[in-house]
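Top line first, the protein sequences correspond to chains A and B. All the letters of the first sequence, read from the start, carry residue numbers 1016 to 1210 under the working numbering. All the letters of the second sequence, read from the start, carry residue numbers 15 to 470 under the working numbering.
Careful, some of the hints might be misleading.
[To be verified] Incomplete in silico selection of chain A near chain B, CB under 7 Å:
| id | residue |
| --- | --- |
| 1 | N1056 |
| 2 | S1092 |
| 3 | T1189 |
| 4 | I1193 |
These are calculated hints, taken from the structure and not from any lab test. Note that CB positions come from ideal geometry on N, CA and C, so glycine has one too.
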Amino acid sequence: MKINSTTIPLPIDNIDTDQIIPAKFLKQVDKKGYGKHLFRNWRYSEGDSQDPDFILNKPERKEATILLAGNNFGCGSSREHAAWALADFGIRAIISTQFADIFKGNAYNNGIVPIELEKEQVNVLIRGSLQNPNLKIEIDLENQKVLSPALGIKETFDIHPFKKQCLVEGVNETEFLINLRPEIQEFESKRIQLP
Amino acid sequence: MVKTLFDKIWDSHVVKSVAEGLDVLFIDQHYIHEVTSPQAFDGLRNRGIQVLFPERCTATTDHNVPTVNQLKPIKDPLSATQVASLQKNCEEFGIELYGIGHEKQGIVHIIGPELGITQPGMTIVCGDSHTSTHGAFGTIAFGIGTSQVEQVLAAQALILSHPKTMKIEVSGTLGFGVSSKDVILYIISKLGTQGATGHFVEYAGDVFRNMSMEERMTVCNMSIEMGARGGLIGIDDRTIDYVASKTEISEEKIAYWKSLNTDQDAEFDQVISLKGEDIQPMVTTGTAPDTGVTFGKNVGDASHLSQKALEYMQFKPGEKIDDQKIDYVFIGSCTNGRIEDLRSVADLVKGKKKANNVNVWVVPGSMKVRSQAIEENLDKIFTEAGFEFREPGCSACLAMNDDKIPAGSLCVSTSNRNFEGRQGDGARTVLASPLTAAASAITGKITDPRVFLNEN
Chain A
1016 MKINSTTIPL
1026 PIDNIDTDQI
1036 IPAKFLKQVD
1046 KKGYGKHLFR
1056 NWRYSEGDSQ
1066 DPDFILNKPE
1076 RKEATILLAG
1086 NNFGCGSSRE
1096 HAAWALADFG
1106 IRAIISTQFA
1116 DIFKGNAYNN
1126 GIVPIELEKE
1136 QVNVLIRGSL
1146 QNPNLKIEID
1156 LENQKVLSPA
1166 LGIKETFDIH
1176 PFKKQCLVEG
1186 VNETEFLINL
1196 RPEIQEFESK
1206 RIQLP
Chain B
15 MVKTLFDKIW
25 DSHVVKSVAE
35 GLDVLFIDQH
45 YIHEVTSPQA
55 FDGLRNRGIQ
65 VLFPERCTAT
75 TDHNVPTVNQ
85 LKPIKDPLSA
95 TQVASLQKNC
105 EEFGIELYGI
115 GHEKQGIVHI
125 IGPELGITQP
135 GMTIVCGDSH
145 TSTHGAFGTI
155 AFGIGTSQVE
165 QVLAAQALIL
175 SHPKTMKIEV
185 SGTLGFGVSS
195 KDVILYIISK
205 LGTQGATGHF
215 VEYAGDVFRN
225 MSMEERMTVC
235 NMSIEMGARG
245 GLIGIDDRTI
255 DYVASKTEIS
265 EEKIAYWKSL
275 NTDQDAEFDQ
285 VISLKGEDIQ
295 PMVTTGTAPD
305 TGVTFGKNVG
315 DASHLSQKAL
325 EYMQFKPGEK
335 IDDQKIDYVF
345 IGSCTNGRIE
355 DLRSVADLVK
365 GKKKANNVNV
375 WVVPGSMKVR
385 SQAIEENLDK
395 IFTEAGFEFR
405 EPGCSACLAM
415 NDDKIPAGSL
425 CVSTSNRNFE
435 GRQGDGARTV
445 LASPLTAAAS
455 AITGKITDPR
465 VFLNEN
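Chain A extracted, bound-state conformation (with noise of 0.2 Å):
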C-alpha cells in the first residue's frame, strides 16, 4: 500500500479534536459527511462562507491526502467524529511528531495512517510543502517508508506490525474480536468471582 499525493501543512502544536470537528457537529446518527465540518471555526469565516486564506481552502491543496501537523495532534476528546471528518474529506495519512493516544486508535480504525517522525524531518516536509504546493511525497506502508527525493527525506516510522497488517490486508479488528468471543466467554466464566 502506497500514498503518493501533495500535503496540507498545518504546523501548529496540539491541535485537539474541538478543532478538528466542533461539539456541535456530534449530533447525527450516522458517519456520514463529517468532512464538510472539519477544521470548522478555522476553515470558516462568518457564516458558511470558507475563508480563502486558511490552508485546507487553497485550490493548489484540493488533492492533497496527506496532512503535516504540529505536535500532539488529536488531543482532547475521544470523539471518532475526528477521524470521520478527516477520512470524508480525503486525508489517508497524518505526520506529526507525536499523536494523543485516542485520537491515534480512531486514525487506525478509519484507515488513516498515522506517522511520528523526528521534528526536524516534519520541519523540512513542512517548509519543502509551505514551498512547493505541488510537491508530492509518497508513503510506502509495507516498507515504513515516508520519501521525498526532493527533499531529501528518506525516512523509516515505527508501525506495530499487527497494525500495519490491519491496514494492509485490510484486517478489521471488531472481526478479530468478534471471533474471539467463545475465548473471551470463556474467560469471563473462569473470572475470579467474589460474593
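Given the coordinates of chain A, assemble chain B onto it according to the supplied hints.
Showing chain B alone in chain A's frame:
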C-alpha cells in the same frame, strides 16, 4: 515479582496476547452515552449480532440534555434524535438506561461511582475521554472511540498496547484554600498537554491519600489533559468506605482489592515528584489546560502559552490574571459537579450576592447530587446569591445543549477544557476550582478564593 496496581489489574484481564506488546483485554464495565454510541449500535445491527454482556453496560443521557425544563421535549431536533436513539438502542439490546427524568440520571462519570457500579480492580471504558475519572477507585479506566465502543458491545474486550507507567507523587500537605482542582491544574502545567502521552499514571503520596474520593475523582478526571491514557490512585479505607456506602461488599472483596495496591519497590517507567506546599490556587490563561498560573502573576507567566492562544483569549502578557472582568461562571461538569463541590461553593457564597455583570450557572452532575443539594438547602443559598441552580447534565462544559457561552464572553469554569470554542463559538474559558469560581462570581472578576476564606 513486584508489580504496580496498574499491572496487577491489567494482567488479570488479559484474555490472550495477540502479538508482542498487544493484548486482548477483558472489560468489566462499559458506560455509554448518547453522543458516541449510535454508530456503534448500528454496527451491531449491520452485523446481525447482539451485545455480548448487556449486564456489563450502563447507559445515561448527559451531553445533549437541557438543564432547564428538562422534562419538556428537546427543542433541537438533532439532540432529540440522538437522545431517542439511545433509548431505542438500549431497549433493543437490553441495556439499562438512566435517561432524562430518571432518578439515577446524570453525567456518566458522576453516576458510575455514585451508584456503586465503579469498583476497585475493574477495567472500565466509555466513549468519553474523561472516563479516567473512575481511576480514583483503583481501576484501569479510559476513554475510547466509537469503533471501540462497538468492539466492547460486540466482544466485551479491546485490542490494546500495554502503556508505559508513570508515578506522580505529591508529598506533604496542601495550603489553605488549595483544592484538588488546583493540584491537577498544577500537575498539568508542569507536564504539558502531551507530558504523559503513552503513559498510565498512578497518583501517589500524602496529598492524594488525604483527599476524599470526590477530590480524587477530580484529579483522575483530568489525567487525559496531559495526554495520559488514564490515571489511578491506590485503594485504601476511603475507597472501600465510599463503595460500601453505595452498595454491599464482602470481606473477601475488600481483602482482594487491598492486595492489588502497588508493591513496594515496584518500578515505573517515569517518576515525577512534587510538593504539596508548592501548590497554590490556579487559573488557566490560554486555550489548553496546561496554561495555569497562580494569582498575583501576569498572564504571560503561564507555561505552554502560545501567541495564538493569547490572541484568542484577548489577554496581554503583561496583564495580571487577577481582576480580569468576567461575564459568566459555570460550576459543574464531570470534573467538579459533585456534592462536595457544591458544598464548597455554597459555604463561600452564603449570604453574599453575585456581581451584576456575571451570569452564574450551577449545574449538578446528577439527579442524586441535585436532590442532595436541595436536601441540604444549598439551592436556596445559590438562588439568594443570584445563581441559577439547574438540572443535571454536561451543560456548558462542551455546550452541546443550549448552555452556550456567547462569543467573546469570558467564563470562569470548573470544567476540564479551555479549548477555542469549547463552551460556544468564540467563548473564552478560564479553568478554575469551584472555590475560585465562587469567589469570582461574587466579585465579577477572576478572584483568589482565599480573600473570602477564614483560615480558622
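We went through each hint and held it up to the structure:
1. N1056: This hint holds: N1056/A lies near chain B, its Cβ roughly 5 Å from the closest one there, short of 7 Å.
2. S1092: holds, 5 Å
3. T1189: Result: holds, 5 Å to nearest chain B Cβ.
4. I1193: Holds: closest Cβ of chain B sits about 5 Å from I1193/A, inside 7 Å.
Consistency with the previously given hints is maintained throughout, with no hint failing.
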